[in-house]
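Trainee: Sequence:
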Amino acid sequence: MVSEKSRVVFSMDKVCLLVIVSCALLNGAISSPSPPLGKKPSQCSKELPDSCALCGRYINVVLKAKNVLNGSNFNIEAKLSGVRKQPLLYFLEQAGTISPGFNKFKSTYYKGLGYFIDSINGVEGSVASKTFWHILSGNKALECGVSSYVPEDGETILFNFTTYKAAGYE
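All letters in the sequence shown, in the order written, are residues 1 to 170 by the UniProt record's numbering.
Keep in mind that the hints are not guaranteed to be accurate.
Stated by the list, open to error - BS3-like mimics (lysine-lysine), calculated; alpha carbons at most 30 Å apart, straight line: (1) Lys-106 - Lys-79; (2) Lys-104 - Lys-165; (3) Lys-104 - Lys-130.
Stated by the list, open to error - Restraint ranges, calculated between C-beta atoms of paired labels, are given here: (4) Glu-170 - Tyr-58: 31 to 41 Å; (5) Asn-139 - Asn-60: 14 to 24 Å; (6) Pro-100 - Gly-154: 19 to 29 Å; (7) Lys-79 - Lys-104: 10 to 20 Å; (8) Arg-57 - Lys-165: 21 to 31 Å.
Note that these hints are calculated values from the structure, not bench results. C-beta atoms are modelled at their ideal positions from N, C-alpha and C, and glycine is treated no differently.
Please model the complete structure; the sequences and the hints are all you need to start from.
Mentor: Encoded structure:
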């Protein structure tokens, strides 16, 4: 049984990790000049589909998760075809229905920020080991998280378990 004190420490660990990753993103990826009038300033500002899952158009997306750092190394993949366009978290949930490993992801919701991916396939990032699930489209890091990012048709998203340093945040 975990004591209340342990739960608070565990929760603070996640908050610290979220703050470090958020600050790194804000200091690097979102510091570009303002876009011309009428243009979207970042990939996070894409127009979100209506809240109704039946309103987004059908798209095809590939999700991959890679761990070469921690214990049991793995590369898992889920090809999602004909799924309504929604935020990335929805695609991660759908991947869990068709691909072992993705069904073992955990996330934490932070008010005002959205969901943070804590673990995939039982592998969890931590402040102590300076590790996290880095989310990329192609070779480019996403500027926002799974609650805000909306994949495009034909896109491949990689969840790469890595260190802050290897991701360029240290």
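Trainee: Work down the list of hints and note, for each, if the structure agrees.
Mentor: The hints, checked one at a time:
For the given pair, Lys-106 sits about 20 Å from Lys-79 by alpha-carbon distance, which is consistent with the 30 Å threshold. Note on Lys-104 and Lys-165: the hinted pairing holds, with a Cα-Cα distance of about 26 Å set against a maximum of 30 Å. Between Lys-104 and Lys-130 the CA atoms are separated by roughly 21 Å; this keeps the pair inside 30 Å, and the hint holds. Distance hint check: the CB atoms of Glu-170 and Tyr-58 are about 40 Å apart, consistent with the given range 31 to 41 Å.
Taking 14 to 24 Å as the suggested C-beta distance range, the pair Asn-139 and Asn-60 conforms, at roughly 20 Å. Checked against the given bound of 19 to 29 Å, the beta carbons of Pro-100 and Gly-154, roughly 24 Å apart, stay inside it. Taking the beta carbon of each, Lys-79 and Lys-104 are about 18 Å apart, inside 10 to 20 Å as hinted. In this structure, Arg-57 and Lys-165 break the distance hint of 21 to 31 Å, their C-beta atoms being roughly 39 Å apart.
Checked against the numbered hints given earlier, the structure breaks only hint 8 and satisfies all the rest.
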